[in-house]
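Chains as they are written, first to last, in full-length UniProt numbering: chain A, 1 to 430; chain B, 1 to 453.
Hints listed in this document are in silico derivations from the structure and should not be mistaken for laboratory results. Be a bit skeptical, because a hint or two may be false.
To be verified - Here are the simulated DMTMM-like cross-link-like pairs (lysine to aspartate or glutamate), alpha carbons at most 20 angstroms apart as the crow flies:
| no. | chain 1 | residue 1 | chain 2 | residue 2 |
| --- | --- | --- | --- | --- |
| 1 | B | Lys102 | A | Glu94 |
| 2 | A | Lys234 | B | Asp112 |
| 3 | A | Lys85 | B | Asp112 |
Stated by the list, open to error - Label pairs and their in silico Cβ distance ranges:
| no. | chain 1 | residue 1 | chain 2 | residue 2 | range |
| --- | --- | --- | --- | --- | --- |
| 4 | B | Pro203 | A | Asp106 | 43 to 51 angstroms |
| 5 | B | Lys142 | A | Ala39 | 20 to 28 angstroms |
| 6 | B | Lys142 | A | Pro55 | 25 to 33 angstroms |
| 7 | B | Tyr168 | A | His181 | 27 to 35 angstroms |
| 8 | A | Arg86 | B | Asp390 | 47 to 55 angstroms |
| 9 | A | Tyr418 | B | Asp318 | 37 to 45 angstroms |
| 10 | B | Met78 | A | Lys168 | 28 to 36 angstroms |
| 11 | A | Pro386 | B | Ala123 | 27 to 35 angstroms |
| 12 | B | Glu69 | A | Arg86 | 34 to 42 angstroms |
| 13 | B | Pro203 | A | Lys168 | 29 to 37 angstroms |
| 14 | A | Pro386 | B | Tyr168 | 50 to 58 angstroms |
| 15 | B | Met58 | A | Pro55 | 55 to 63 angstroms |
Nothing here was measured: the structure is a model prediction, and the numbers come from that model. Glycine included, C-beta positions come from ideal geometry on N, C-alpha and C.
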Amino acid sequence: MALAMMIRNAASKRGMTPISGDFGGLRSMSSWWKSVEPAPKDPILGVTEAFLADPSPEKVNVGVGAYRDDNGKPVVLECVREAEKRLAGSTFMEYLPMGGSAKMVDLTLKLAYGDNSEFIKDKRIAAVQTLSGTGACRLFADFQKRFSPGSQIYIPVPTWSNHHNIWKDAQVPQKTYHYYHPETKGLDFSALMDDVKNAPEGSFFLLHACAHNPTGVDPTEEQWREISQLFKAKKHFAFFDMAYQGFASGDPARDAKSIRIFLEDGHHIGISQSYAKNMGLYGQRVGCLSVLCEDPKQAVAVKSQLQQLARPMYSNPPLHGAQLVSTILEDPELKSLWLKEVKVMADRIIGMRTTLRESLEKLGSPLSWEHVTKQIGMFCYSGLTPEQVDRLTSEYHIYMTRNGRISMAGVTTGNVGYLANAIHEVTKSS
Amino acid sequence: MASSMLSLGSTSLLPREINKDKLKLGTSGSNPFLKAKSFSRVTMTVAVKPSRFEGITMAPPDPILGVSEAFKADTNEMKLNLGVGAYRTEELQPYVLNVVKKAENLMLERGDNKEYLPIEGLAAFNKATAELLFGAGHPVIKEQRVATIQGLSGTGSLRLAAALIERYFPGAKVVISSPTWGNHKNIFNDAKVPWSEYRYYDPKTIGLDFEGMIADIKEAPEGSFILLHGCAHNPTGIDPTPEQWVKIADVIQEKNHIPFFDVAYQGFASGSLDEDAASVRLFAERGMEFFVAQSYSKNLGLYAERIGAINVVCSSADAATRVKSQLKRIARPMYSNPPVHGARIVANVVGDATMFSEWKAEMEMMAGRIKTVRQELYDSLVSKDKSGKDWSFILKQIGMFSFTGLNKTQSDNMTNKWHVYMTKDGRISLAGLSLAKCEYLADAIIDSYHNVS
């Protein structure tokens, strides 16, 4: 009865009046949900919602990180269309194993660890298919909570906003480390190294493997080597979120350089991989979580525990996207086509960075826009303040997240002039 | 220990001792997932450091999904997989519905893009799924009192609801049928929602322990969540009668509980979508607030695409809006937004009158095959078993599963001696049974029942 009292007390505190007695006319029943507040809009996905609701013909969406072609249209890669044709009429729709498609996972590991990776050959990697990058990060966070209880996660400032939600819902306490340097709009390397040094030995760190979201600021190869050495000295655990492999430089092997450095240096790392951007499979939710273990036996044990976490969340991951990935990566022609298409996307973005910067400079902006071309990947951390962003939205119908992050994938030859002009207008008196 | 003994230049060699503190293994019993480790032997490895996941033990095989894995490994030619609940044709082949193939071809022709769905999923799917459940013109839909979001099939939808319960009803308990689907408890455990059980299965009658069920629901603390199977109870196949559903609704209202339906077999149980939704609609008629988790794994054969929904029926449109927003907040850090493929298939099938009719016909066919197989199994049992045991429960049960009444040892005999794969609770999946195999199965059941204790 104690629990009933508790609920009744809680209910009356929240102004809920549970019904009692007869249940004839229930239209007047008060709701169990009185205490449920409307949730705040997701800062990123909420931008697209607002954009869609805007009737202005001039509106520009540089909010969510989804690639657009030069006409501002979503793109389904040719290699994906071809893979879909080949899959049509497939007679297999049975449940995947809890760990997902073994074939897809194997091909995915090769991308991250290298085609000839000794770790793959030695079966030392515990890996499962996940619900894209989000699902991989969440599964790792839950795994960290369960098997390193008491550990914290160090997250860079800034980071993709959903990282905070993920580790929070997994109930892993968070700490931050310096990353972005507002003055230079580049990396605050010395502060980053200080934070790594000062963290207690054996801490867990979240690193963006390439094309940091939201800043576009990546460490240089030399800096990655220094970070790796310091991690070694401090025995830290490196968890890489790699959501943009191929998308940053146009070359997947190059984009995995940070990971390869850590592997060479002997770290046992964790990796979240996503095909949302580099294969354009956003809505299919295809990704992979891997954890490099000491030996095959441990890899088997860790994988079994990852599956144990996945089972009460979604049982087993969705098939269709995984089949697309496998079809593409296991066929040399399709894979080669994919690599070409990834480079086209990366090159278009690099081109738009140049054009945006040059346009702003031509307009006679008093500010430096060097960072637009120095930063890499889908996003540009413009340095715009929230107030300036609000003005861009209310006066120019330009949608981006309030941290000033511009999704370069949404910039086209058609809108770059309008965008430059608007940015100039709201910043020229800075 | 199979440590990798590669030599790597100047890497320092670290004894495992040093890593002890990092693992925080502490006293045994504090974390059931870690085993205590002996450090009496110092082992050299050439990695930077030994793994911090040293103490991780192998997770037990999943009782349901593990069955299929064991079946695959069996080389005996008589083997029969009556484990996981996935529909099979008479030829024991997986079945992709014709309407699904049609829908996929349509989608292919149209060249749909692959953009992110919103967090709540595909709008057309959410609309279709709520209408299928309640009926298109239903007041709860007209009045916009249902918060519906697309979920990762039944599992994912249950998990979202469980997380919502944990967040907004701290301390509230979910009461679950005994027995129930093996993953229900995992879901509530991982969501940290306490649970207890209500009596359900009566081994004496191989039927419903209705008195026990009502008594236990009555005894649960006021405001508990009562997990109900909308139709085709898994694993028993035993459903309350319409009259019993009325009494269940009565006692739930009397105790101010919140009903929580798991509807994984709508259309699959009786063959009729409307008939199988009767229990849910009864509760909606009462004006109650409740949860419903749905899955299209079985009724549309979309197992692997993970398509389902969580519906929360609220007393006002405003409450529904707020609840929906909080469900989104739970989904975002779990997977951001749900997979598009299965949602599009459902929306296409339901949205086209011809395909919708075809779907209904295919569902009737699947449900019909199972009813036929039940009859054949019953007939085989009756003709082969001379003990006079009453096997009629096979016919009374409904849906994909049958609770045979076999205990664990007897179930093991089914597997070890007869190569019949089933779950240890005595559950067989009739969807995996063909007419041709009914006699063999009958032999196995009779042997296990009479000769093994």
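Tested hints:
no., hint, verdict
1, Lys102/B - Glu94/A, "holds (18 angstroms)"
2, Lys234/A - Asp112/B, "violated (49 angstroms)"
3, Lys85/A - Asp112/B, "holds (13 angstroms)"
4, Pro203/B - Asp106/A: 43 to 51 angstroms, "holds (46 angstroms)"
5, Lys142/B - Ala39/A: 20 to 28 angstroms, "holds (25 angstroms)"
6, Lys142/B - Pro55/A: 25 to 33 angstroms, "holds (28 angstroms)"
7, Tyr168/B - His181/A: 27 to 35 angstroms, "violated (41 angstroms)"
8, Arg86/A - Asp390/B: 47 to 55 angstroms, "holds (53 angstroms)"
9, Tyr418/A - Asp318/B: 37 to 45 angstroms, "holds (39 angstroms)"
10, Met78/B - Lys168/A: 28 to 36 angstroms, "violated (52 angstroms)"
11, Pro386/A - Ala123/B: 27 to 35 angstroms, "holds (30 angstroms)"
12, Glu69/B - Arg86/A: 34 to 42 angstroms, "violated (28 angstroms)"
13, Pro203/B - Lys168/A: 29 to 37 angstroms, "violated (45 angstroms)"
14, Pro386/A - Tyr168/B: 50 to 58 angstroms, "violated (31 angstroms)"
15, Met58/B - Pro55/A: 55 to 63 angstroms, "holds (58 angstroms)"
Going down the numbered hints, you'll see the structure goes against 2, 7, 10, 12, 13 and 14, while the others check out.
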